[in-house]
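*Asks:* Single-letter residue listing:
Number of protein chains: 2
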Amino acid sequence: MVMQNKNYIGIDFGGTNIKIGCFSANLKLLWKTSIPTNAQMGPDAVIDRIADVIKEMASKKNTPLETIKAVGIGTPGPAKYSDGVLIRCANLPKFINVPISRMLWEKLGKPVILENDANTACFGEFVAGAGKNIKNMVFFTLGTGIGAGIISDGKLLQGSSGNAAELGHMIVNVNGRLCACGQKGCVEVYASASNTAKRATEAIAAGAGSNLKAVLEKNGQITCKDVYDHLAEGDKLAKKITDETAEVLGVLCVNALHCTEPEKIVFAGGMIGAGKPLLDRIKYYFKQHVWKLKQEDDIEICFATLGEDAGIIGAAALAKDL
Amino acid sequence: MVMQNKNYIGIDFGGTNIKIGCFSANLKLLWKTSIPTNAQMGPDAVIDRIADVIKEMASKKNTPLETIKAVGIGTPGPAKYSDGVLIRCANLPKFINVPISRMLWEKLGKPVILENDANTACFGEFVAGAGKNIKNMVFFTLGTGIGAGIISDGKLLQGSSGNAAELGHMIVNVNGRLCACGQKGCVEVYASASNTAKRATEAIAAGAGSNLKAVLEKNGQITCKDVYDHLAEGDKLAKKITDETAEVLGVLCVNALHCTEPEKIVFAGGMIGAGKPLLDRIKYYFKQHVWKLKQEDDIEICFATLGEDAGIIGAAALAKDL
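Residue numbers (our numbering), protein chains in the order written: chain A, 538 to 859; chain B, 538 to 859.
Each hint should be verified, as a subset may be incorrect.
You can't tell identical chains apart in this list, so a pair holds if it fits in one copy or across any two.
Here are the computed lysine-lysine pairs in the DSS-like style, where the Cα-Cα straight-line distance is at most 25 Å [stated by the list, open to error]:
1) K631 / K829
2) K631 / K831
3) K773 / K556
4) K644 / K773
5) K692 / K597
6) K669 / K692
7) K829 / K735
8) K598 / K755
9) K672 / K592
10) K647 / K776
11) K617 / K669
12) K647 / K672
13) K617 / K692
14) K617 / K824
15) K617 / K831
Everything labelled a hint here was simulated from the structure, so no lab data went into it.
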């Protein structure tokens, strides 16, 4: 039994599931579990369940509560991270101004650090994944939205209230397509997984010929995975849609380079399942769009390596740094 | 006579002039001077002259060389800043791979820190100007090009080789107007002083009616100052051109917010001579373009306060932090 007070809990709090992991001081995974979020139960009930699950697992897995030194939790934003308060979240309608760090501390008696979920995943990749042994990294997670995190000189870049690194909402087309965030021409409104699928659907509605039309008719929708599956089969519309997504992501890499000059840009999230064809296109468009003033061959654009565990590892690593 | 070894030299190395200032440990200006760059003389001769001027002024102004602890120098990039080597610069054609820090150290016997000139001006405003008492700031200088600097958590953000914060080269229109840097649709290609003037000239060539046409015919060119002078007189084209510049700068502020979440965004450079009409328009377009997910009323967009001395103050302050 590991009895020293030196383990760390990492929580990845999503709209659908809550992942919880327990890690040793050297970030070895001791146990992990996942529960449905059931956000409709409201903040009190959800946070009670998180605390109960941690207590139950801690006891069952021989890492009793006394061995847990601190807890890290990643949630969607925006939040007042320094105060541990979740302001609001699209996927968690009942979670408004929830002092999540204090509530968990009251249940567990451990210090709690709240961080943006893209930042926790970024920090996980930085300490244990694609970003090991570098000091400057930019991280993107391509899903329904585009999350981002920045490591600058070995540290997570926070900004004045912890809401830095919303790079998916950088505008790449002034007065372009309208994003759900209220801005026009953001990266996210073109290149997230859901918007990639949406652009394909719109193209078919506008009369584009594609085998994706049959998918739309059969399933009532097109997913980003459908687009990449059809890309592999040589479908022309799938190629066009993928190129547009990759071009915007390539430009995003140019802009990220000009912001914090990372050594690596790391992509994560469901969309990286598209594999090498997507990565190669992003690299191609980066080279097409980046300036010629200075060679930028040193920057590496790659995929994340930790998969879904990045969030709990990063949250635990942040708890360790508390 | 100030004899303790505690003064600092700040150098602002431009394509036309080299400004040199000597500052006490609390960054009080002891003396300053300016010499023509005469870049055509080549690196050896230019750096010899800088060293000679410093020695001469130090002796004349009762701050003998023994009292100088370190030297900071700001130059246009790109450079290998950590090594003190200027790689190349559009306005200094003979300066290719010049080890400027080592050369100055050999002449003066003092440690030398090399930094991007926009970064030194940014740091100057941060320690002694518009950025006093905050921890996160983004700085833009609007001139021939658009330089930028980022202060994150109280420190100048450097990036992996000191070339971070090239925010003027963020792309805001994928495949937009071609910039001198080789990219398309950069902020700089729309909103720098020279490109603002250029867009006015192009509009007149394309047939737009404006009193600026007489200026073009008389002087053979239109300057950015001409555009703002005519804005004050109610010229319609000047208003259109100013609005376009301000809109791109407003979007630049949105993107800067989403990168490092500063408390303040500070504009400097010749173009801020346009005054309140320009600043008000930038603020207007920022509000128009920024997301609605979260109130962003806390961020302040303002002008720099130190004028042309920001560069030498910042370079001296960086030398002090060595």
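*Asks:* To test your reading of the hints: which numbers does this structure violate?
*Replies:* The structure conflicts with hints 3, 4, 5, 8, 9, 10, 12, although it agrees with all the remaining ones.
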